[in-house]
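> Residue numbers (this note's numbering), protein chains in the order written: chain A, 1 to 332; chain B, 333 to 664; chain C, 665 to 1168.
Think of the hints as simulated: they come from the structure by calculation, not from any bench. From a predicted model like this one, the values you see are computed outputs, not experimental measurements. Treat the hints with care, since some could be wrong.
Here are some chain C residues the structure puts well away from chain A; computed CB gaps all over 10 Å [as the list claims (entries may be wrong)]: (1) G732; (2) P747; (3) N748; (4) L780; (5) P784; (6) R812; (7) L854; (8) G856; (9) R1049; (10) R1090.
Result set (DMTMM-like, lysine to aspartate or glutamate): computed pairs, CA atoms no more than 25 Å apart in a straight line [stated by the list, open to error]: (11) A:K3 / C:D806; (12) C:K721 / B:E660; (13) C:K721 / A:E206.
All C-beta atoms, glycine included, are put in the ideal place defined by N, C-alpha and C.
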Amino acid sequence: MVKAFLRDYPTEARLLLVVLAIVLFLSLASDSFLTLVNFTSLLNNTAVNLIWAVGLLVVLIAGGIDISFAVAASVVQYVAVYVFEAMGGGNWAIGFIVAGALGIALGFVNATLIHHFRIITIVVTIATFNAFFGLLMFFTSGRFLYNLPDWWVDRIIIFERQTADGTWAELTLPVAVMAVCLGATWLLINRTTLGRQLFAFGDNPEGARRLGINIALMQFLAFGWMGMMAGIGGLMQVNIVQEVVPNALIGRELDVLAAVVLGGARLGGGRGSVLGCVLGVMIVALTQNGLNLMGVSPFAFKMVVGAIILIAISASNLSFARRVRPPVGGWK
Amino acid sequence: MSRLVKRLRATYGDDVLGLVAFLLLVVIGFSLATPRFLSAANFDSMAFQLPVLGLLTLAMLAPIISGGLNLAIIFTANISGLTLAAILNYYGGVDAPFWAFVLGAGAALLVGAFFGFLMGAVIAYVGAHPILVSLAMMIFLRGLGEFLTRGGDISGFPDYLKPIGHGFILGVPVPLIIFAVVAFAMHVLLSHTRHGFSVYMIGSNIDATRYSGVHTQRTLTLIYTISGLLCAIAGILMLTRFNSVRVGHGEALLLVTVLACFLGGVDPFGGFGRVVPVVLALVILQVLSSGLNLLGANQHLSTAVWGLFLIAVMVLRFVVGRVRERFEKRRN
Amino acid sequence: MPLDKTAQRDVPAISLRHVSKLFGGVHALDDVSFEVLPGEVHCLAGENGCGKSTLIKIITGVYTPEAGVEMAFAGQSVTSVTPNVARQNGIAVIWQDLALFPEMSVAENIAFETLLGNLPRLVSYRRLRARSAAILEMLGEDIDLDARLNTLPIAQRQIVAIARALISDAKLIFMDEPTASLTQSETDSLLGVVRKLAARGVAVVFVSHRLAEVLDIADRVTVLRDGKLVGIFEAEGMTQSRLTELMTGKTFGAEVAARDMTGAPAVLEVEGLSRHGEFEDVSLTVREGEVVGLTGLIGAGRSELGHALFGMTRPDAGTIRLSGRELHLRSNRDAVAEGIAYVSEDRLALGLVQPQAIADNIVLPILPRISRRTGLISPTEKAGRVEHWLRELSIKIGQPSDPVSTLSGGNQQRVVLAKWLATNPRVLILDSPTVGVDVGARAGIFRIIRDLAEKGLAILMISDEVPEVYFNADRVLHMAGGRIRGEYDPRKVTLKELEAAVYG
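Next comes chain A alone, as it looks inside the complex (with noise of 0.2 Å):
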């Protein structure tokens, strides 16, 4: 079981490692790192970040990428903000069927590109990252807005206790929500005949297609879930911050990337995991939940953060540098 567990998922146990490691220290570090209501904060803080992480690592495995997802979400929060006024309302029920949706919509907008005009997903996702970014400011003029519907506003609380100095550890709906998408995610792509279909897509496009995979099918299939991903964190977003702004959310989607990449998912498909993208999220906040424990400057954070991903980038292709060669052709 951990035999086969370290040769299949060889990063993610690397991972893994770095992740106790970095809990063993802080917990000796820290007092109040190895708490109930730390622990939970952390995982409210991250949630977000998770449930794009799991949509963008479906666009991995299937050899794509996406820089617009973050942009989309901001989108997809404005438009929802206009739907529920429209509804007269709405409702949670509503809310994720109008954001995901909306989200699905906007990924298909990226696939119909990728696919009908075979213009390359980086190109694709920079340009609708302008599009989405410049048309949402214009017509918003980068108004904020602060009178959204009360469900939407509302904490949730889905677990709560009192710790013995009094503090409430709480842990909110957008963790439900996040560890639904992760569920999800992980029963598509590794459970369901489409899942594999994507990882082989991504793996070997011409191979996928020669077997008769529906190639249309599979680009529908990545950028839509990563759409609803986007939509569905971007409803959780408003959830957390209780207001809509739409330069908010920009400048996210390079720090989810990392973080996926982080995780073991390969650019260029075929291959990443569920696991993996936890870590990768996990290693990310865990160092910067860390630092403000310890009293570093927040302005401290993404330097330290920075040059983790640049030594774990390092470290990870120094071990593997026999074995994994950049393929023939270049990086891409």
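Given the structure of chain A, go ahead and fit chains B and C onto it with the hints provided.
Chains B and C in isolation, oriented as in the chain A frame:
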């Protein structure tokens, strides 16, 4: 007439002629739409805005040709600008002597080149994916900058810097002169030198290039070092243009540089791309942005138009390719 | 799944008559007939561009043939074939690149068919593994079903590809160059599997460049040339040279070209060269104007030795001397500077930068020599060198600015030679110089090699095709298990004896 077209096509290629034709179209369109477009004031404002984006795009171009990408360009420019600002401030801020500027500019160039070198070395000698390395470097530099500046601005520079950002020499804006010199140097480097030659070859197939006796690792390291150096020049120019330095300044330009490269016909997979069409693409983007601005649209609409424009160009390329294919089939 | 061999022996698994295919007015296939019996191993032979792959693509429904064709699967006449119809009729193709998924498990690769479909279903890994296991057992192969495919050697991946074809109940399997990257023992075991399939009544169509192997395994051979059927022949009694003649339409005088070069001064002297796990205690000498053949099975350490001599890897022990001076090569740049050139066996990935211009490829190793001190490349110097070598090796091209990928295999190999000759080498190492080069174009390559030797170049020619070195080298070294096992003078041994020594 047709012979002339043929000659031009042979000398400059279809891509350049297509871009020139499009540029003319856009210019004529805006001239008809608003009389202010063909004014000296508008030309000056375009000439002052173009160079920063232009320098950053050139910093992006060379790595893309080598089959990679440099996502850290903006923050490399920021950190370089920060270096200059720090040295100027140390020697008296507004009263800093000119030699302090020379010293600071030198240090800024060194810092930019250093971070470029670091990235290049990791990419070349470790074999890590350029997107990952530069992404991690981007996160690191952003963190470093925010740590050093605590997220604030640095301003208050000597008056003699004004002409660099705002002055004219023989009626030509100084930033434009700087950009023209750098663009020419990059053109010569890429199209006419051994080093540039190797960069194209590496972009197409790094292994075959190495087998041919080219020092591919040194070439790659050098290309990222040069990219860092160009970022530093852009950073210095940004300092003199805005009279302040803030980490994150110009962040939105990152994806625009990639867009300009793709618009200029650079192959996203590496191996192909030239300075001249990329400069033309830059001019088109600038004209679009300035023209829309004159028509009363804001910067965000320009961003959207840029994105839509890239999509339109790629779709058009696809359609033209299809039509040509059909045509040739029928002729046979 | 096995068919009863005796009952169905006479009804062809597939038969086609009057197959033609036009591409833009050119006949890719012109009134060709083709037939394979159940349980037969049938070889499809011909040079590149003879129409082999067009024929395969017509049978598998990728291309539609011109009107007038008669097709029948197992006696049932069909009017049109789509990929689906072909699959339902039990026709499977194992492409040269195998079309496998390196990141997925062996079981998933074998039973991938069960994962197909546009509607999502849950995967039953238990059934998947059971079906895969059954097929592997039938083939008598033992491969870990859960292993990731990219952890397997090429030979086992080949087996996985065959197993995948069988799982869809294939009655006719096309194999496109299945042995191209296998060692001899791997090839032998693959041929064993093919025989096993044939014994079960599965028809196998074998496409291979290695004529010895073709004649060994096939019952019959269909030869195509320029889109036309040359004939269908019994493999029994056919010889390699006869087959070559049929494929090319030319006769080749197979004469031993060896000369006595013992009097010439030594250029490359290797003594006691070792590199752990690759080769051991290798000593050899190549003299001025001499062509030394180095043969042995794949995995014998030949290419690894070539890499070390070219400075790509560092030997653990031993010395390399060039004209008496000891070399310490730190990289292949040192080797090039010393006058050692290396033509890689992998022309696509390592020999040439395929998407770039012919001219650029030729000058790639001599960039310092065509640049001024400023680092600027001299356009006249570049054009001059390119023109010189294109003429010297009579390379037929459109424009020097055309991508190398537009050239035929033979012409590409000439470009590789040109680029290395431009470095003005003293030693030329050729690793499998005729891989992917048509039989007809090979003679031209060997003529160039011979001319170069006449001009004084010391040439080490590595090849796993024994006849190639036998007829074209002055001396032949036999390598096995990383060591030099023997030295032969082609004038003193027969081809049969040499082949016996190498394959024996």
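> Between K3 of chain A and D806 of chain C, is the straight-line Cα distance small enough, at 25 Å or below?
At roughly 20 Å apart (the allowed maximum being 25 Å), D806 of chain C and K3 of chain A satisfy the hint.
> Far enough from chain A: is every CB of that chain over 10 Å from the CB of G732 of chain C?
holds (28 Å)
> Grab the minimum beta-carbon distance between R812 of chain C and chain A and tell me whether it stays above 10 Å.
violated (7 Å)
> Verify this label for me: G856 of chain C is non-interface relative to chain A, using a Cβ-Cβ cutoff of 10 Å.
holds (26 Å)
> Does R1090 of chain C clear chain A by more than 10 Å, comparing its Cβ with all Cβ atoms of that chain?
holds (30 Å)
> Is the hinted pair K721 of chain C and E660 of chain B satisfied, with a Cα-Cα distance of at most 25 Å?
It holds: about 23 Å lies between the C-alpha atoms, which stays within 25 Å.
> Is the nearest CB of chain A more than 10 Å from the CB of P747 of chain C?
violated (7 Å)
> Please verify whether K721 of chain C and E206 of chain A have alpha carbons no more than 25 Å apart.
Satisfied, since the Cα-Cα distance of roughly 15 Å is no more than 25 Å.
> Is the nearest CB of chain A more than 10 Å from the CB of N748 of chain C?
violated (8 Å)
> For L854 of chain C, is the shortest beta carbon distance to chain A beyond 10 Å?
holds (20 Å)
> Please confirm whether R1049 of chain C is truly not at the interface, meaning its C-beta sits more than 10 Å away from all C-beta atoms of chain A.
Check passes; 26 Å lies beyond 10 Å.
> Far enough from chain A: is every CB of that chain over 10 Å from the CB of L780 of chain C?
Given a closest Cβ separation of 6 Å, the condition is violated.
The earlier numbered hints that this structure contradicts are 2, 3, 4, 5 and 6.
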